[in-house]
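Colleague: Each chain, letter by letter, is given below.
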Amino acid sequence: MFYREAGDFKTSYAEDNQTFPIKFDRFRYYAVLLVALGIIPFFINDYWANALLIPFLIYAIAAIGLNILTGYCGQVSLGTGGFMAVGAYASYKLMTAFPWMDMVSVTLLAGLITAMVGVAFGLPSLRIKGFYLAVATLAAQFFLVWMFNKVPWFYNYSASGQISAPERTMFGLAVTGPNADAWVRYLFCLFFVFVLAWLARNLTRGSIGRQWMAIRDMDIAAEIIGVNPLKAKLTAFAVSSFFVGIAGGLLFTVYLGAVEVGEAFGITKSFLVLFMIIIGGLGSLFGSFAGAAFMVLLPVVLRNFMTGTLGWESTIATHFEFVIVGGLIMFFLIVEPHGLARLWQLTKEKLRLWPFPH
Amino acid sequence: MPDQLIWAMEVTLNGLMTGVMYALVALGFVLIFKASGIFNYAQGVMALFAAMTLVGIQEGRIPFAHLINEIFGTEIHHFGWHVPALLAILLTVVVMIGFAWAVQRFIFKHLVGQEPIILFMATIGLAYFLEGVSDLMWGSEIRTLDVGLPQGINGWIDNTTFDVFGYGFFIDNLDISASIVAAILVAGLILYSQYTKNGRAMRAVADDHQAALSVGISLNYVWVLVWSLAGIVALVAGIMWGSKSGVQFSLSLIALKALPVLMLGGFTSIPGAIVGGLIIGVGEALFEFAIGPMIGGATENWFAYVLALVFLVFRPQGLFGEKIIERV
Numbered sequence: 235m236f237y238r239e240a241g242d243f244k245t246s247y248a249e250d251n252q253t254f255p256i257k258f259d260r261f262r263y264y265a266v267l268l269v270a271l272g273i274i275p276f277f278i279n280d281y282w283a284n285a286l287l288i289p290f291l292i293y294a295i296a297a298i299g300l301n302i303l304t305g306y307c308g309q310v311s312l313g314t315g316g317f318m319a320v321g322a323y324a325s326y327k328l329m330t331a332f333p334w335m336d337m338v339s340v341t342l343l344a345g346l347i348t349a350m351v352g353v354a355f356g357l358p359s360l361r362i363k364g365f366y367l368a369v370a371t372l373a374a375q376f377f378l379v380w381m382f383n384k385v386p387w388f389y390n391y392s393a394s395g396q397i398s399a400p401e402r403t404m405f406g407l408a409v410t411g412p413n414a415d416a417w418v419r420y421l422f423c424l425f426f427v428f429v430l431a432w433l434a435r436n437l438t439r440g441s442i443g444r445q446w447m448a449i450r451d452m453d454i455a456a457e458i459i460g461v462n463p464l465k466a467k468l469t470a471f472a473v474s475s476f477f478v479g480i481a482g483g484l485l486f487t488v489y490l491g492a493v494e495v496g497e498a499f500g501i502t503k504s505f506l507v508l509f510m511i512i513i514g515g516l517g518s519l520f521g522s523f524a525g526a527a528f529m530v531l532l533p534v535v536l537r538n539f540m541t542g543t544l545g546w547e548s549t550i551a552t553h554f555e556f557v558i559v560g561g562l563i564m565f566f567l568i569v570e571p572h573g574l575a576r577l578w579q580l581t582k583e584k585l586r587l588w589p590f591p592h
Numbered sequence: 052m053p054d055q056l057i058w059a060m061e062v063t064l065n066g067l068m069t070g071v072m073y074a075l076v077a078l079g080f081v082l083i084f085k086a087s088g089i090f091n092y093a094q095g096v097m098a099l100f101a102a103m104t105l106v107g108i109q110e111g112r113i114p115f116a117h118l119i120n121e122i123f124g125t126e127i128h129h130f131g132w133h134v135p136a137l138l139a140i141l142l143t144v145v146v147m148i149g150f151a152w153a154v155q156r157f158i159f160k161h162l163v164g165q166e167p168i169i170l171f172m173a174t175i176g177l178a179y180f181l182e183g184v185s186d187l188m189w190g191s192e193i194r195t196l197d198v199g200l201p202q203g204i205n206g207w208i209d210n211t212t213f214d215v216f217g218y219g220f221f222i223d224n225l226d227i228s229a230s231i232v233a234a235i236l237v238a239g240l241i242l243y244s245q246y247t248k249n250g251r252a253m254r255a256v257a258d259d260h261q262a263a264l265s266v267g268i269s270l271n272y273v274w275v276l277v278w279s280l281a282g283i284v285a286l287v288a289g290i291m292w293g294s295k296s297g298v299q300f301s302l303s304l305i306a307l308k309a310l311p312v313l314m315l316g317g318f319t320s321i322p323g324a325i326v327g328g329l330i331i332g333v334g335e336a337l338f339e340f341a342i343g344p345m346i347g348g349a350t351e352n353w354f355a356y357v358l359a360l361v362f363l364v365f366r367p368q369g370l371f372g373e374k375i376i377e378r379v
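Those sequence lines, one after another, are chains S and X. Taking our numbering, I'd label the letters of the first sequence as residues 235 to 592. Taking our numbering, I'd label the letters of the second sequence as residues 52 to 379.
Note that these hints are calculated values from the structure, not bench results. As the structure is a computational prediction, the values presented were derived from the model and not from experiment. Treat the hints loosely; a few may be bogus.
From chain X, some residues computed to sit far from chain S (all C-beta separations above 12 Å) [said to hold, decoys possible]:
no.	residue
1	D54
2	T125
3	I127
4	L138
5	P167
6	N224
7	Y246
Partial chain S-side listing against chain X, Cβ under 7 Å, derived [said to hold, decoys possible]:
no.	residue
8	F365
9	F377
10	V557
11	M564
Mimicking DSS-like on lysine-lysine, the simulated pairs with C-alpha atoms at most 25 Å apart in a straight line are [claimed, not checked]:
no.	chain 1	residue 1	chain 2	residue 2
12	S	K363	X	K85
13	X	K160	X	K248
14	S	K363	X	K374
Ideal Cβ positions, reconstructed from N, Cα and C, are used throughout, including at glycine.
Using the sequences and the hints given, assemble the complete structure.
Modeller: Next up, the structure:
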């Protein structure tokens, strides 16, 4: 009833090939864009921006990146935190070395640098598969974090070992630094989310995306039918690291402002992003957004409930958070291994028939 | 003999001792992976949980005391008794067996037949869950664990090496006892899996699930058994690491250290876990000794992973792993 394809006729190939071929999906997409661009920027304040919206947008980018590698190409990576650190430090070095450069170029270049690092660490994936690869990506995680801690050039020889983002403006409005308005930072992140999600959507449904999926489903069979595993795996690593690097750059420049590498980009960050795509749904862009929203929202809600409503100590609330997050992950894997994206699909199936179930 | 060489020898010996510790953790991984194909990320947290439980029982702490105090406004902390070490260890073993049963009953029973990667992620969830439970039960402060193992510098080695080289080696008694315990544990495990009925069932399941099922072996029972064994291995690892550096959160991170050990040794081989542990222990100690000062130190954070990575590129199944045969 609410969701149906009936009566939605296509008369040209362009219409048939559009991103959202079903009218309902298309209108929903426009509605989301309208809310995100037309309504939220006028009502946003610092609390909402810092606690929910900006981390959601940034983690959505990271989750899409990891989903491309793990969900679409089947290469499990535990090095997301390390690659985000590359993005953050690349942004920092670019911002301090070229003060005239605008933030969009800085962030994109940081993404490209991360892509190169990602390809370097992706090379072993040609020989190493499965768990062995997952553990091998830990090498990237620990080595990169160690390197940013130990080589003073990366943090410009600052005494604290931290990096902090200098103020940069776009169109006369501060984007980074303490004076940046919430709505400017929000729109800046939204711009990247919009462009990158569009890019990911079109990559994954094009020929390269199909190659990734062929490799994921069975790499030897894919090789036999003519998919070049070298090209497919390395492009997946490159694109994924590009996304993750941009997310890391934004996390540092726009969201946190100052970063200590072990704390902000440790192994826990890798797991956080991994949880997002498991809970959201492997191999689904909608799932990346849903998972990011879920994992950003959950701690805030839990903490507000436990320390606010119940009045518990914050340490106990933190421990409970661990129990609940861990429990939820196991619960999801048991009940719905394909995540929120699959639940959404089931809902659509139901809505198609509602209110007559047969 | 030049000083450098003597120091290198001392570093190597200490590296060997650390390697034994890594191997202890890796052993738990191998047990579960062989029998059920589950790559148990939670092994390190199990060690933490076991050690915490041991300390808690020994000191007579009340489980979930903080939580109870917070909810009911009471002020309880201790039962007021002290349990002798041996009894406390036995009680902890019971707890770990109960934990193994619960894990099998509530989680992995529902995940039979899922892809390995899903199982792996479930164990990551389990690790988070168990860490939270452990903190809620016993608190998150650093605890000292003392089960009566000898500690401090070994005088005999110190004296003997001083006589031979003119320089006394510093070897911790605790490391030596850890090596002995590890050796006993491995020997016991091998004997158990070779000569007992349960051990044979375990090996049968490791070989082929369906064939084992068809000759009447209960998979459920074997899996509970394997998780219990892994829990006991985790307890031993927890006792060793806990007496060395206190029972604290960082204990759960040794699981991450055990991963490169496994990659080197191969996921399916018990001797591999031991040899891999020794190689990693010695390798990282020597690297930190020889190259570390030149590039800023703290190289043991990543050296093991990079070593394993480089090694795997040449031998993807590890040293002793079964050859990976892929069919379409």
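Colleague: Hint by hint, say whether it matches the structure.
Modeller: Cross-check of the supplied hints:
At the 12 Å boundary, the C-beta of D54 (chain X) stays outside the reach of chain S, the nearest C-beta of that chain being 27 Å off. Under the 12 Å C-beta cut-off, the non-interface status given to T125 (chain X) relative to chain S holds; the minimum distance is some 14 Å. In this structure I127 (chain X) is separated from chain S by more than 12 Å, as the shortest Cβ-Cβ distance comes to about 15 Å. L138 (chain X), annotated as away from the interface, keeps every beta carbon of chain S farther than 12 Å; the closest lies near 28 Å.
Against chain S, the non-interface label of P167 (chain X) is violated: not every CB pair exceeds 12 Å, the least being about 7 Å. Distance check for N224 (chain X) against chain S: the nearest CB is about 31 Å away, which clears 12 Å, and the non-interface claim stands. Every CB of chain S lies more than 12 Å from the CB of Y246 (chain X), the least distance being 31 Å, so the non-interface label holds. A distance limit of 7 Å between C-beta atoms decides the matter here; for F365 (chain S) the minimum to chain X is near 5 Å, and the interface restraint holds.
Because the smallest distance between the Cβ of F377 (chain S) and any Cβ of chain X comes to about 4 Å, under 7 Å, the interface hint for this residue holds. Evaluation of the V557 (chain S) hint against chain X yields a held restraint, the C-beta minimum of about 3 Å falling below 7 Å. A cut of 7 Å between beta carbons decides the hint on M564 (chain S): the least distance to chain X is about 4 Å, and the hint holds. Pair hint K363 (chain S) plus K85 (chain X) holds up; C-alpha atoms about 18 Å apart against a cutoff of 25 Å.
Distance restraint check for K160 (chain X) and K248 (chain X): the Cα-Cα separation of roughly 23 Å lies within the 25 Å cut-off, and the hinted pair is therefore satisfied. Proximity of K363 (chain S) to K374 (chain X) is assessed by CA-CA distance (about 13 Å); at most 25 Å being required, the pair is judged to hold.
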